[in-house]
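Undergrad: As a plain string of letters, each chain reads:
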Amino acid sequence: MALPPTPAQTVGPFFGYALPYDGGPQLVAPGSSGSIRLHGTVYDGDGAPIPDAMVEIWQPDQHGRISQQPGSLSRDGHTFTGWGRTEVNYEGQFTFTTVNPGPTAPGKAPYILLTVFARGLMDRLFTRVYMPEDRQALGADPLLSTLAEDRRSTLIAHRDDDGGLRFDIRLQGEDETVFLTYPRTPQFTGRRA
Amino acid sequence: MAQPPTNPDAAAASQEQISAEIAEQHRNYQQQKDHGTEETSARLNFPPYRSSLLRHPTKSLQHADPEDIELHSPAFGQRDVSPLEADLTIQHGGEPIGERIVVSGRVLDGDGRPVRHQLVEVWQANAAGRYIHKRDQHPAPIDPNFTGVGRTLTGPEGEYSFTTIKPAPYPWKNHINAWRPAHIHFSLFGTDFTQRIVTQMYFPGDPLFSLDPIYQAITDPQARQRLVATYDHGVSQHEWNTGYRWDIILSGSNRTWSEEDQ
Numbered sequence: 001m002a003l004p005p006t007p008a009q010t011v012g013p014f015f016g017y018a019l020p021y022d023g024g025p026q027l028v029a030p031g032s033s034g035s036i037r038l039h040g041t042v043y044d045g046d047g048a049p050i051p052d053a054m055v056e057i058w059q060p061d062q063h064g065r066i067s068q069q070p071g072s073l074s075r076d077g078h079t080f081t082g083w084g085r086t087e088v089n090y091e092g093q094f095t096f097t098t099v100n101p102g103p104t105a106p107g108k109a110p111y112i113l114l115t116v117f118a119r120g121l122m123d124r125l126f127t128r129v130y131m132p133e134d135r136q137a138l139g140a141d142p143l144l145s146t147l148a149e150d151r152r153s154t155l156i157a158h159r160d161d162d163g164g165l166r167f168d169i170r171l172q173g174e175d176e177t178v179f180l181t182y183p184r185t186p187q188f189t190g191r192r193a
Numbered sequence: 001m002a003q004p005p006t007n008p009d010a011a012a013a014s015q016e017q018i019s020a021e022i023a024e025q026h027r028n029y030q031q032q033k034d035h036g037t038e039e040t041s042a043r044l045n046f047p048p049y050r051s052s053l054l055r056h057p058t059k060s061l062q063h064a065d066p067e068d069i070e071l072h073s074p075a076f077g078q079r080d081v082s083p084l085e086a087d088l089t090i091q092h093g094g095e096p097i098g099e100r101i102v103v104s105g106r107v108l109d110g111d112g113r114p115v116r117h118q119l120v121e122v123w124q125a126n127a128a129g130r131y132i133h134k135r136d137q138h139p140a141p142i143d144p145n146f147t148g149v150g151r152t153l154t155g156p157e158g159e160y161s162f163t164t165i166k167p168a169p170y171p172w173k174n175h176i177n178a179w180r181p182a183h184i185h186f187s188l189f190g191t192d193f194t195q196r197i198v199t200q201m202y203f204p205g206d207p208l209f210s211l212d213p214i215y216q217a218i219t220d221p222q223a224r225q226r227l228v229a230t231y232d233h234g235v236s237q238h239e240w241n242t243g244y245r246w247d248i249i250l251s252g253s254n255r256t257w258s259e260e261d262q
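Protein chains in written order, with UniProt numbering: chain A, 1 to 193; chain B, 1 to 262.
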């Protein structure tokens, strides 16, 4: 029988001394073979950067394998744990050092699962950061193919000249990022039914 | 009706105005509930909480089927968390000031399975209502013996326990004379990443509950009650601490569970 879930509450303004930690944004060592920068800015509904947000990523490795190794909070510099966390800076920017995720099965579109927390945001929001290259896999992706073109583009990262990925997050507005809800994971937007 | 100001520090409204807005939201929910939608969590768009105005999605959330990565969570182990981190009262040279408490409970998934060996993080204000955060400028004393940050891993039955100091309420700028009920922030992981949750635990009988737009953003009264710990004399210890119990139920797992996994 399903139990009623514990409700969420905002992360508030004062998580900065508690949740971020040394090494949180570095899933791999900067400059190591295959490392890339994943970066972006979190914006509010006025298009202003949000200076008190936190971002987490969770992803497979380059070969599409999901790590179940501990060590995310105390990194050894070698083990890929697949998970990272960072707070944004005063200009709303976040930066991770990671690797391009591989497809978890042949032909699947690789993506990084990204979670946003912020003061003012009552519950975490999930989204996916898709790799931009494999157009065929992107076209066949079950989630992306349900979205209109202008909405789909908010989930596809931009590849920088240096191999990095840029993924901006807009919590509200015309070009609002597509946020995801999953079966058995209720969220309430407060929109009139 | 004019839009309320979006500057979260404007402190423009009175408590009476905020309370009236909360009551309107709750009325709106009760009407909706009569048509069958029970809201088991907080509303992302809750205007009495001014900071939510520009920070909630205005478009519908997109339904997605969880894939491999969403059906797993990162693993944490002994190398990540020291057992000492579950005691927030021993992190400095001396004893922190305040009422020493133990908060214990279990982390379960939406089907009642214990969430084992998973990370639980907490953070909180001190006994005077002050956070060790550079943006907290509330003129209440900092306690040099209390940081207010703890971590632990759940046990084989999903159990956790923190020793800490009872936090005090503190003022904020949502509206004039706004005070948060005393609370401890919790951050949790499940077996599926879709179960990730950040929330706040409250203490029974807090007179600030009805006035607080963050707590009241949970429109369903039964759902609100799930964030309130219970005083548990069995967790209190002779001449040492008072005790509270708070169980946390994550959302349902989307994995296919086999008999051995239970």
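What the hints contain is simulated information worked out from the structure, not anything from laboratory work. Be aware that a few hints might be false.
Said to hold, decoys possible - Label pairs and their calculated CB-CB ranges:
no.	chain 1	residue 1	chain 2	residue 2	range
1	A	33	B	77	46 to 54 Å
2	B	140	A	153	46 to 54 Å
3	B	16	A	153	51 to 59 Å
4	A	134	B	135	37 to 45 Å
It should be emphasised that the depicted structure is a prediction, and the values quoted were computed from it without experimental measurement. Beta carbons are placed, not taken as given, at the ideal position from N, Cα and C, and that holds for glycine.
Undergrad: All hints are to be evaluated individually against the structure, with a verdict given for each.
TA: Okay, the hints, checked on the actual structure:
1. A/33 / B/77: 46 to 54 Å: This hint is violated: roughly 26 Å between Cβ atoms.
2. B/140 / A/153: 46 to 54 Å: Taking Cβ atoms as reference, residue 140 of chain B and residue 153 of chain A lie about 47 Å apart, which means the hint holds.
3. B/16 / A/153: 51 to 59 Å: violated, 45 Å
4. A/134 / B/135: 37 to 45 Å: holds, 42 Å
Violated hints, in rising order: 1, 3; the structure is consistent with all others.
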